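**Student:** Since each chain comes alone in its own frame, lean on the hints to assemble the complex.
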Amino acid sequence: MEEKYIKHRYEPILPSKDEWPVVKLARERKEFVKKVSEKSQDRILRLTSQNPDILKEELETTLYREKLRIKQNPWVVDPDDDLDFWNKVKDALLQVNSETKLSKSQRLEAYREILQRITTRYSEEIASNFKHHHYKFTRSVVTYGFARLLNAARVKGFRSIFSNQYTLQDKIQITGQTDQLRDLATKGTVVMVPTHFSNLDSILIGWTISVLGLPPFIYGAGLNLFNISIFAYFMDALGAYKVDRRKKNLMYLETLKTYSKEAIQFGCHSLFFPGGTRSRSGMIESKLKLGLLSTAIEAQRTNYQKGFKDISGKVFIVPVTINYHFVLEAPSLIREYLSITGQERYYKENDEFSSSYKISKFLVKFFTKGSDISVSVGKAMDVLGNYVDEHGESLDKNGRRIDTQDYFISNGEITVDQQREEEYTFLLGKRIVEEFHKINRVFSSHLVAFTAFEMIKEQNQKLDLFDLIRLPEEEISIPYDDFKAACQKVYDRILELKKEKQINVAPHMKRSMDEIIQHGLDNVGMYHAKRPLIRDKSGAIVTEDMSLLYFYHNRLHGYGLEKLF
Amino acid sequence: MDSKNSSKVKKIGVVGVGSFGTAIANMLAEKSAVIVYARKSEVVDEINSLHQTQGRNLNPAIRATNNPQEICAQCEILFFMVPSSGFQEVTRNFAPYLHPYHLIIHGTKGLCLDLPAGQDLKTVQKIKRSQILTMSEVIQRETVAVRVGCLAGPNLSKELIKGQPAATVIASKYNEVILEGQRLLRSDRFQVYGNSDIIGVELSGVLKNIIAIASGALAGLGLGENAKGLLISRGMVEMVHLSTALGGGVQSVIGLAGIGDLVATCNSVDSRNFTVGYRLAKGEKLDQILADMEEVAEGINTVKIIKAFLETTDLRAPITENLHRVLFEDFEIEEALQFLMKFPFSVDVDFV
Numbered sequence: 006m007e008e009k010y011i012k013h014r015y016e017p018i019l020p021s022k023d024e025w026p027v028v029k030l031a032r033e034r035k036e037f038v039k040k041v042s043e044k045s046q047d048r049i050l051r052l053t054s055q056n057p058d059i060l061k062e063e064l065e066t067t068l069y070r071e072k073l074r075i076k077q078n079p080w081v082v083d084p085d086d087d088l089d090f091w092n093k094v095k096d097a098l099l100q101v102n103s104e105t106k107l108s109k110s111q112r113l114e115a116y117r118e119i120l121q122r123i124t125t126r127y128s129e130e131i132a133s134n135f136k137h138h139h140y141k142f143t144r145s146v147v148t149y150g151f152a153r154l155l156n157a158a159r160v161k162g163f164r165s166i167f168s169n170q171y172t173l174q175d176k177i178q179i180t181g182q183t184d185q186l187r188d189l190a191t192k193g194t195v196v197m198v199p200t201h202f203s204n205l206d207s208i209l210i211g212w213t214i215s216v217l218g219l220p221p222f223i224y225g226a227g228l229n230l231f232n233i234s235i236f237a238y239f240m241d242a243l244g245a246y247k248v249d250r251r252k253k254n255l256m257y258l259e260t261l262k263t264y265s266k267e268a269i270q271f272g273c274h275s276l277f278f279p280g281g282t283r284s285r286s287g288m289i290e291s292k293l294k295l296g297l298l299s300t301a302i303e304a305q306r307t308n309y310q311k312g313f314k315d316i317s318g319k320v321f322i323v324p325v326t327i328n329y330h331f332v333l334e335a336p337s338l339i340r341e342y343l344s345i346t347g348q349e350r351y352y353k354e355n356d357e358f359s360s361s362y363k364i365s366k367f368l369v370k371f372f373t374k375g376s377d378i379s380v381s382v383g384k385a386m387d388v389l390g391n392y393v394d395e396h397g398e399s400l401d402k403n404g405r406r407i408d409t410q411d412y413f414i415s416n417g418e419i420t421v422d423q424q425r426e427e428e429y430t431f432l433l434g435k436r437i438v439e440e441f442h443k444i445n446r447v448f449s450s451h452l453v454a455f456t457a458f459e460m461i462k463e464q465n466q467k468l469d470l471f472d473l474i475r476l477p478e479e480e481i482s483i484p485y486d487d488f489k490a491a492c493q494k495v496y497d498r499i500l501e502l503k504k505e506k507q508i509n510v511a512p513h514m515k516r517s518m519d520e521i522i523q524h525g526l527d528n529v530g531m532y533h534a535k536r537p538l539i540r541d542k543s544g545a546i547v548t549e550d551m552s553l554l555y556f557y558h559n560r561l562h563g564y565g566l567e568k569l570f
Numbered sequence: 015m016d017s018k019n020s021s022k023v024k025k026i027g028v029v030g031v032g033s034f035g036t037a038i039a040n041m042l043a044e045k046s047a048v049i050v051y052a053r054k055s056e057v058v059d060e061i062n063s064l065h066q067t068q069g070r071n072l073n074p075a076i077r078a079t080n081n082p083q084e085i086c087a088q089c090e091i092l093f094f095m096v097p098s099s100g101f102q103e104v105t106r107n108f109a110p111y112l113h114p115y116h117l118i119i120h121g122t123k124g125l126c127l128d129l130p131a132g133q134d135l136k137t138v139q140k141i142k143r144s145q146i147l148t149m150s151e152v153i154q155r156e157t158v159a160v161r162v163g164c165l166a167g168p169n170l171s172k173e174l175i176k177g178q179p180a181a182t183v184i185a186s187k188y189n190e191v192i193l194e195g196q197r198l199l200r201s202d203r204f205q206v207y208g209n210s211d212i213i214g215v216e217l218s219g220v221l222k223n224i225i226a227i228a229s230g231a232l233a234g235l236g237l238g239e240n241a242k243g244l245l246i247s248r249g250m251v252e253m254v255h256l257s258t259a260l261g262g263g264v265q266s267v268i269g270l271a272g273i274g275d276l277v278a279t280c281n282s283v284d285s286r287n288f289t290v291g292y293r294l295a296k297g298e299k300l301d302q303i304l305a306d307m308e309e310v311a312e313g314i315n316t317v318k319i320i321k322a323f324l325e326t327t328d329l330r331a332p333i334t335e336n337l338h339r340v341l342f343e344d345f346e347i348e349e350a351l352q353f354l355m356k357f358p359f360s361v362d363v364d365f366v
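Order-wise, the sequence lines are chains S and A.
Quick note, the first sequence lines up with residues 6 to 570 if you use this note's numbering.
Quick note, the second sequence lines up with residues 15 to 366 if you use this note's numbering.
Don't take every hint at face value.
[Unchecked claim] In silico lysine-lysine, PhoX-like type, Cα no more than 25 Å apart, as pairs: (1) A/Lys356 <-> S/Lys504; (2) S/Lys314 <-> S/Lys384; (3) S/Lys93 <-> S/Lys252; (4) A/Lys136 <-> S/Lys443; (5) A/Lys142 <-> S/Lys568; (6) S/Lys44 <-> S/Lys311; (7) S/Lys136 <-> S/Lys35; (8) S/Lys467 <-> S/Lys311; (9) S/Lys39 <-> S/Lys29; (10) S/Lys384 <-> S/Lys506; (11) S/Lys435 <-> A/Lys299; (12) S/Lys61 <-> S/Lys22; (13) S/Lys76 <-> S/Lys95; (14) S/Lys506 <-> A/Lys136; (15) A/Lys242 <-> A/Lys136; (16) S/Lys35 <-> S/Lys141; (17) S/Lys44 <-> S/Lys402; (18) S/Lys39 <-> S/Lys402; (19) S/Lys494 <-> A/Lys140; (20) S/Lys462 <-> A/Lys142; (21) A/Lys142 <-> S/Lys402; (22) S/Lys311 <-> S/Lys39; (23) A/Lys142 <-> S/Lys503; (24) S/Lys95 <-> S/Lys72; (25) A/Lys140 <-> S/Lys568; (26) A/Lys142 <-> S/Lys494.
Honestly, the hints are just simulated from the structure, not real lab data.
Just so you know, these numbers come straight off a predicted model, no measurement behind them.
Okay, chain A solo, but in the shape it has when bound (with noise of 0.2 Å):
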C-alpha cells in the first residue's frame, strides 16, 4: 500500500518477455514507465545492461526484474504475457502481492485445466467445461484481482516491432480496463478496439490456433488459395460452434480477435501455429519439430483440450478432430485432407 502511494506516476509491468511480450513492453514504453518481469536473473541482467533478450530490442527505458513482489508494488497495471503452459505457476508465484485494485491484461492464448491431483491431459479421456480455464479465469481462480482484462488480434510480433500499423481488442468485463489498455497502447500505428465478452474474444485467439495449424499443413501440401479459402470459412464455423459451447459469443468469432486474427495467422509463415503445420505437411514428425522450437506453439495443445472436450458434448468439430488423428494417431495429412473433403458439411452458414 505504502510503496504504492509514493510515486505519482505510475509504472506499468509486463510479465515474459517472449516475441509478444517485448513488443507490447516496448509500445507500452511510449507512454509511460515499465518495468518486465522474467524469471531468470541472467535475462533480467541482459535486459538491464543491453536492453535485449533473445536478439529482440528493448526501449532503453524499460527495467527488468525477477522479483514478483517488485513489480507488483510498483505497477497497478499488469500485463500478463506468458505461455499458457506456465501460465497457473506464473499466477500463483504472483498471487501473495496482488491486491484487488491491481488491473491485469493477459495476452496468452492458450487454455488452463484443472483436473484432480494427479491427472493430466494423459490420463483423461473427457474433460468437463468446468475443468477448462481461460487465462482470465485462472486469474480470477488464483488470485484477487477481479479486474481483468485480455488482448487479442491479429498481432504477429514481427509486424508490432517494426512497427507497422495494427489493431488489437481489449475485452473485460469492466469498462475501465477497456478504457485502461486504450489510454495506453493506443497510438498513432495501433488501433484498440473494446469488448465485454471477454470469454469469447479469449475463445476466438485460442481456437484459431487450430486452424492456423491446419492452414500451415494445406501450404505444406502446396495446395493452393481455394484450398485456403474454403479453410477459413469452415474454421470459422467451428470456432463459432465451439466457442459457443464454451460460453463464448457469436460476434467475437467474427470480430477482429476472431476472423481478424484468423486470417491472418493462416497467412503467415511468421506464425509458430503454421509453422508445425507447414512442417508437418513436408513429412516432419512432430518430435521433431515441437524439439527445435524456441516458443511453444499453444495450437497443439489446444487441439488435445478440444479433442477432450468434444467427448463429453454431441458436437462435430471436423477440422480440430482430424488434426488430432494427424497429431496424435500418426493419420497421414493426406488422409485427413480426404476425410474433410467427403464430410457431409450441408449447410454453408447455421449460426446467424
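In isolation and in its complexed conformation, chain S is listed as follows (with noise of 0.2 Å):
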C-alpha cells in the first residue's frame, strides 16, 4: 500500500479502567438513573407550566401513544410487563381523573407521581449496561476474530489464518485529526458526530474509538438493534444507552434529552448520529436531527453556570465521517427514500437487519474481499461550531481566541434562554454538515457513480427522478470513452475543491483515470445480487439497478458537481 495511514495502535489515553467516565457512570449507575429521571420530571413539569390539566393531557396522549405501540409494532426486546405497567398507568388516570374534591396542587401532586413512575421506568430502560470485561472481551473478539477472517482472506496458503500480517486497519483506515482528538479527550468531553449509512457504524465507530487508545463513548442505539441478542451483546459492552424511535411522546423525548445531557456533564465522551437514522438517500446528511445536539449545547451551558470555565467543562464536537464503498442496507434505504420522497407518510420502523444469517454472511464478504472502509476525523470545534486550538481555546475565523461562555451572556449574566438555545442548536448543526463535506473523502466508487447517474439524467433530461429510475436497465449503456472522459472532468473538478479544503480523496485516486475507473467499477456496492456499475462485453458501461446507482451516486451530491452536465 503506498498509502500512508495510522496503523499503529496508540497508548490508551486513561490506562487504569477505573478513571474511565463510562465505568464511573456504570458504577453509580443506580444513582445516575433516579437523578436522570428527576431532572426529567422537573423537564416537562416546566413544560407543561406546572399546570396539572396540562400534565394530564401529557399524560393521556402519552398512554394513547403506548398502548398502540404496543398493539401495533411489538417488538422482541419490549419487556413483559410492558402492557401491565401501561395498564396500571390508566388506572391510575382514572382514579385521579374522578377524585373531584382534589386541589390543583393536590391533583398537580397526584399526576406528578404518575409521571414520576413513566420517567423511571423511561430512565431505567435507556439508561446503558456497560460492564468492563464484556467491553474487554468484545474488543479482543472483534480485533482477533476479524484479524483472522481477515488473513485467512488475503495471505494465501496453509496456516494463513494464523498469519498476523494483515489487521483490521489494513481493512479500515483512519485519518485526520486523531491527535487532536485524543489530546482533548484528556481534558474535556468529547462529543463525536459520525454521518450514518449502515448498522455497522456503530461497531465501526466502537472499534476506532478503542484503536485510538480513548475510554468508550456512550452513545444512542436504536432498540431494534437490542432484538438481535449477539447485536444487544455488542451494543451493552460499547456502553449504548438505547433509543426507541417508536416512542415519540414528550415524556420520553424528555427523559431521553436529561439522560444524554447529564451524561454529558458527567464527562462520559458520546456519540450522536447527527442524522438521527441511517441515511435512506445516500446523501451526506444535510438536514440534521437536533435533538440530541441541543443536549451537548445544554450540557455546555449548564457547566458553565456551575463555575466550570475551564477546559474540564468544555464539551467538544468532532465531527466524522465513514466512507464505503458498499453499504449492506443499499437496497431497502433507497427504496425506503424514494417511496417516502415527495410525501411525509408514515412508514414502520423496520428493521432489515434482523437476520444474524445475513450478517455474518456479509461479515465474511467483508473480510475475505476488498473493499475499504475509511473514517475521518474533523477538526474539534466547541458547541457554537468554532474551531478550537489545542489547548481547546474556541478561535474566531481570523484566529483569534473567544470565549465560548460569552454565547450564554446576557447584560453580563450566563442566561437560560431556551429560544436562543434552538437557534444556536440549528446553527451548530449546520456547521456540522459543512464540516461533513470538507472531510468527506472521495472513493472511486463514489466517483464512477455520480459520474454514470449524471451522465444518464443528461440523456433522459426531460425524466423526473422517478421515472428515470424506472428506465429499462438494458437500454442504458455508456460507450466507455465518454464516461472517462465525463470520469476526468467530474475528477478535475473535485480536485479543485479539495485544493479549496472543501472535499478530501483517498490515497487510490491517485492513479491514472483507467486504473481509478477500474478501481470504482469492481468496488462499488459490490456484494449487491445486482450491481449499479459493470462494464458489460463490449466494454461500455452499463447498470442492472438504477436506483441502486442512484444511491451510490448521491454520497457527492451538495458539491455542485451536477452543474458539470
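**Tutor:** This is how it looks when you write it as C-alpha cells:
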C-alpha cells in the first residue's frame, strides 16, 4: 500500500479503567438513573407550566400512544410487563380524574406521581448496561476474529489463518485529526458526530475509538438493534444506551434528552448520529435531527453556570465521516427513500438488518474480499461550531481566542434562554454538515457512480427522478471513452474543491483514470446481487440496478458537481 | 471582559452618524447612555463639543468616539447604521473587538456582495444567491456576533427627528434581541414590532428602494395618483416574488417593513431614492444626480445586484428590469413606462 495511514495502535489515554467516565457512570448507575428521572420530571413540569390540566393531557397522550405501540408494533426486546405497566398507569389516571374534590395542587401532585413512574421506567430502559469485562471481551473478539478472517483471505496458503500479516487497520483506515481528538478527550468532554449509512457504523466507530486509545464513548443505539441478542451484547459492551424511535411522546423524548445531557455533564464522551437514522438516500446528511445535539449545548451552558469555566468543563464537537464502497442495506434504504420522498407518510420502523445469517454472510464477504472503509476524523469545534486550538480554546475566523461562555451571556450574566439555544443548535447543525462535506473522502466508487448517473440523467433530461429510476436497465449503455472523459471532468473539479479544502480524496484516487475507473467499478456496491455499475462485454458501462446507482451517486451530492453536466 | 463588568449601567453604541443613525441615537438617548462611532476625528470632535453633525443636533448626553475597541468594550448592544457600501469594511474593523455576548442590530437597507477577489459588479453578469449578503449575513460572516437583528420600517429620518409618531420592526431569530430592541426604543411616539423572519424583513427594506425610485420617476413625469397606486401594488407583487426567491417570507413583505415602508417612501420627497427617480424624470443624468447627493441612494446599487441575480433565475421582475435600462442602459423613462404598460400582467395577486 502506497498510502500512509495511522496503523499503530495508540496507547490508551487513561490506562486505568477505573478512571474511565463510562466505568464511573456504570458504578453509579442506580443514582444516575434516579437523577435522570428526577430532572426529566422537572423539565416536563416546566414544559407543562406546572398546570395539572396540561400535564394530564400529556399523560393521556403518552398512555394512548404507548398502548397503540404495544398493539401495533411490538418488538422482541420489549419487556414482558409492558402492557401491564401501562394498564396500571391508566388505572392511576382514571382514579385521579374521578376524584373531584382534589385541589389544584393536590391534583398536580397526583399527576406528578404518575409522571414519576413513567420517567423512572423510561430512564431505567434508556440507561446503558456497561460492563467492563464484556467490553474487553468484545474488543478482543472483534479484533482477533476479524484479523483471523482477514489473514485467511489475503495471505494464501495453509496456516494463513494464524498469520498476523494483516490487521483490521489495513481494512479500515483512520485519518484526520486523531491526535487532537486524543488530546482533547483527556482534557474535556468529547461529543463525536459521525455520518450514518449503515448499522455497521456503531461497531465500526466503537472499534475506531478503541484503536485510538480512547475510553469507550456512550451513544444512543436504536432499540431495534437490541432485538438481536448478539448485537445487544455488543451494544451493551460498547456503552450504548437505548433509543426507541417508536416512542415519540414528550415524556420519553425529555427523558432521553436529560439522559444525554446528564451523561455529558458527568464527563462521558458521547457519540450521536446527528442524522438521527441511517441516511436513506445515500446523501451526506443535510438536515440533522437536532434533538440530541441540543443536549450538548445545554450541558455546556450548565457547566458554565456551575462555574466549570476551564477546559475540564468544555464540550467539544468532533465530526467524523465514514466512507464505504458498499452499504449492505443500500437496496432497502433507497427503496424506502424513494417511497417516502414527496410525501411524508408514516411508515413502520422496521429492521432489515435483523437476521444474524445476513450479517455473518456480509462480514465474511467483507473480510474476504477487498473493500476498504475509511473513517475521517474532523477538527474539533466548540458547541457553536468554532474551531478550537491545542488548548481547547475557541477561535474565531481570524484565529482570535474567544470565550464560548460569552454566547450564553446577557447583561453580564449566564442566562437560560431556550429559544436562543434552539437557534444555537440549528447553527451547530449547519456547521456539522459543512464539516462533513469538507472531511468527506471521495472513493473511486463514488466517482464512477456519480458520473454514470449524471450522464444518464443528462441523456434523459425530460424525465424526473422517479421515471429515470424506472428506465429499463437494458436500454442504458455508456460508451467507455465518453464515460472516461466525464469522469475526468468530475475528478478535476473534485481536485479543485480539494484545493479549496472543500472535500478530501482517498489515496487510491491518485492513480491513472483507467485504474481509478476500474477500481471504482470493481468496488461500487460490490456485494449486491444486482450491481449498480459494470462493464459489459463490449466494454461499455451499464447498470443492473438504477436505484442502487442513484444511492451510491448521492454520496457526492451537495458539492454542485451536477452542474458539470 | 473586565471593562464590561466595570460599570453597572450599560451604554448603547450607535455605529455611523448619517441621518438615520443620528435619529436612532437621539431616540436611544432618551432612555440610555449612548456612545456613537464616527470614522472621521473632526466629526467626533464636532459631536463632543457642539453636539451636532452635518447640521443635525444630537442629544448633549451622547458621546462620540472613533475607536472601535472603546465602543465595543463599553457597549454590549450596538446599532450598526452605516451604508451598505461601507458595511463590510466597518464590520471587519469591528470584528477584532466583538465578542459572542454582543448584540448587534443594524438599520441598513442595502445588499453586499461576496465575489471572488478581483471581481466586482462591473465584471460579473450573473450573481447567485450565495454571493449576495444581507447585512445580518455580513455581520455573521465577519464577526463572532450571532445574536443579530435588523431594524426596518417606515422611518424617514426627518420625521423621526421631529418626534412625529412612527413604528418600526425589529427582526431577529433571537427573541432576546427583539425584546432588547423594544425595551430600548419603545416610547409613546414610537412603536416597535417584532418579527423572526430577519431575511424577509431585511429584503423588504432593500427591495422597496427599487420601487421608490420608480415612484419618484412617476412623480417627476407628473403622473397622478392612479399611476402611483398601480406602481405600489405591482411593486409589492414584485417584492414578494424577489424576496421569496432570495429566502425571505411573504408575510414580512406585507408587513410594516414591506408595504408600510413602501407607501411612506413612495410618497416622500424626503426619500433619497424617490429623489433620484424624480430628478431622472426631470431629465437629469444619473451621474449628475449622484454627484450632488450627500448620502447614498441604496436603491441604485440594489437595482444592479437584483438585475444580475435575475440572470440566474427564470424569474421576471419587470419594474426592476426596466429601471435598470433607464439607469444604466440609456433607456428613456417614457419608453420604459410604455413597456410596463404593455407587459402582460394577467393575474392580480398570485402569491397568497
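**Student:** Hint by hint, which ones does the structure fall short of?
**Tutor:** 1, 4, 8, 11, 12, 14, 15, 17 and 18
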